[in-house]
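Number of protein chains: 2
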Amino acid sequence: MNRSLSLRAKKTGGSGPDAGSGRRFGFASMRASTQPELSKKLYRLIKSENHVISNYTNAGREQISIASQLSDWGLSTNDDAISDISDKIGVMLSELGEQDITYAQNLEDFRTVLKSIRNVEASVQPSRDKRARVTDDIQRLKYKEPQSPKLVLLEQELVRAEAENLVAEAQLSNVTRQKLKEAYAAHFAAVVERSQKQEILAKHARRLLSLLDDTPVVPGDARPAYDLERDARQILADAEEDLRNWTLELEEVPTNAQLDANAMPSVSAGNSPVTETHPQQATLHGTGEEAPKPELVV
Amino acid sequence: MNRSLSLRAKKTGGSGPDAGSGRRFGFASMRASTQPELSKKLYRLIKSENHVISNYTNAGREQISIASQLSDWGLSTNDDAISDISDKIGVMLSELGEQDITYAQNLEDFRTVLKSIRNVEASVQPSRDKRARVTDDIQRLKYKEPQSPKLVLLEQELVRAEAENLVAEAQLSNVTRQKLKEAYAAHFAAVVERSQKQEILAKHARRLLSLLDDTPVVPGDARPAYDLERDARQILADAEEDLRNWTLELEEVPTNAQLDANAMPSVSAGNSPVTETHPQQATLHGTGEEAPKPELVV
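Chains as they are written, first to last, in the working numbering: chain A, 1 to 298; chain B, 299 to 596.
The set of hints was computed from the structure by calculation and includes no laboratory data.
Using N, Cα and C, we set each Cβ at its ideal position, and we do this for glycine too.
Be a bit skeptical, because a hint or two may be false.
For each label pair, taking beta carbons as the anchor points, the in silico distance ranges come out as [stated by the list, open to error]:
| id | chain 1 | residue 1 | chain 2 | residue 2 | range |
| --- | --- | --- | --- | --- | --- |
| 1 | A | Gln105 | B | Glu549 | 27 to 37 Å |
| 2 | A | Pro149 | B | Asn376 | 33 to 43 Å |
| 3 | A | Asn262 | B | Gln403 | 44 to 54 Å |
| 4 | B | Glu453 | A | Asp231 | 43 to 53 Å |
| 5 | B | Glu539 | A | Thr112 | 28 to 38 Å |
| 6 | A | Asn256 | B | Leu303 | 43 to 53 Å |
| 7 | A | Gln234 | B | Arg458 | 42 to 52 Å |
| 8 | B | Asp558 | A | Thr112 | 54 to 64 Å |
Bound-form chain A, shown alone (with noise of 0.2 Å):
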């Protein structure tokens, strides 16, 4: 990891971060770019990462084949030590491309976490769009008729426009934190499952190797009968044994989100320092109003 400890710092020095993905056009940007501009990043990068997941089934399920054609070749090969060592480390192939397969459904939830986000983000477009779209109003007219009795409809209009977008300002803080850290936990805890379960694998699928004698013969000896199948086959049994005794024991990403439906903080918070320390909390700057809790379309 010799490298800028920022990925932002990282891009002025020469390759974009698009650099080895060609897929900035085509129909997948056309339908982005109906996308409201705040969700526009994250609906691209949900999109990349479903790249990233076909690749690792691909991988899984192309490993998988190899497996079974790994099991042929041994047979064919006439040699009882490789044909029974070969099926075996087909064995342990195959499983290590399921554990891949596994972790691209682990991605596939994770995707879906983030498109909470990213549908919070364009539903609070308008409410940004409302707001300044009131206030250019007003501008514009104070401009042009500074008398005008519309005036006041306008800055009451604005008033309860910006009402409005602070609790779309604030759902959208809740949810995205929220659903940021669980999104990227499981992520995460998804990388761990699929190494701790393949190095597991791997390291069974070594020990099965040393039972293929490699002593190099001369021509016309006969190898020494394979009487190893019992061993094997115990070595398939440890893995089989291990991978059932194993757990995921990862330190907890602590979290203090505990949202209502409106993405407010939820009433059993009550407790929480936030809602304490903060007494204006259910009346806006500015307004004296109750804060309105709108349904929240996620």
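Given chain A, put chain B in place with the hints provided.
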């Protein structure tokens, strides 16, 4: 791993070994059909391995691209905490991607070792063919012209062909066992390396997530200022340090393969039990001739 302990038994149970891989036809299979029979299976397996490798390479590259996209997105949220954490998470994702690319490169090396088995298989085929052809010729002539003087010549030719084939088969057996162990020992070592490094990265990445306060806020509330940049940078430094200190510690896969350039037991292996217990080492069964040791085309 609650599946059969043999891939061969499994095949009778439904989905074939090539399920999910539609690459049996096309140019690759045409080229495969020009391969000697003996090396066809391994030829195809080595081809398939290419697909595994490119899937991991693509997954890694896409992951690095996503890392940058995440960092960009974080910056655009105008939230200092999200911006810093997403950038650092991006560094971790990028490194995870690099590990997949390294893994793919290691598989490329493994693939090269497998090729040396395939090449010996291909070079041994003519010897089998020749022996079979001379045997056929003798049978045919015995039936048609039992008194033909050509029979004596053919019988002599057969002895030579058998001698040549004995050498070829010994070479094949020696190279196959040696390289099979070497190739898969390297393959599984690469799995362990990727697993351990990615586990290190993922665990530190989860620590980064802990720095993101996801306590929900109510509308109008300001979040406390983010002041954990140093902690976040320290986590990256910790991960970097752990990767730097990482070494591959694996139980050895023992090998007795000491081959000379002719794929025969090398002279330095003279004290191995095999050469001691097989005094007929240098002579071929039934020929009395010195074993020819032709240069092996690998």
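Verification of the supplied hints:
no., hint, result
1, A:Gln105 x B:Glu549: 27 to 37 Å, "holds (32 Å)"
2, A:Pro149 x B:Asn376: 33 to 43 Å, "holds (37 Å)"
3, A:Asn262 x B:Gln403: 44 to 54 Å, "holds (50 Å)"
4, B:Glu453 x A:Asp231: 43 to 53 Å, "holds (45 Å)"
5, B:Glu539 x A:Thr112: 28 to 38 Å, "holds (34 Å)"
6, A:Asn256 x B:Leu303: 43 to 53 Å, "holds (48 Å)"
7, A:Gln234 x B:Arg458: 42 to 52 Å, "holds (46 Å)"
8, B:Asp558 x A:Thr112: 54 to 64 Å, "holds (59 Å)"
Of the numbered hints given earlier, the model fails none.
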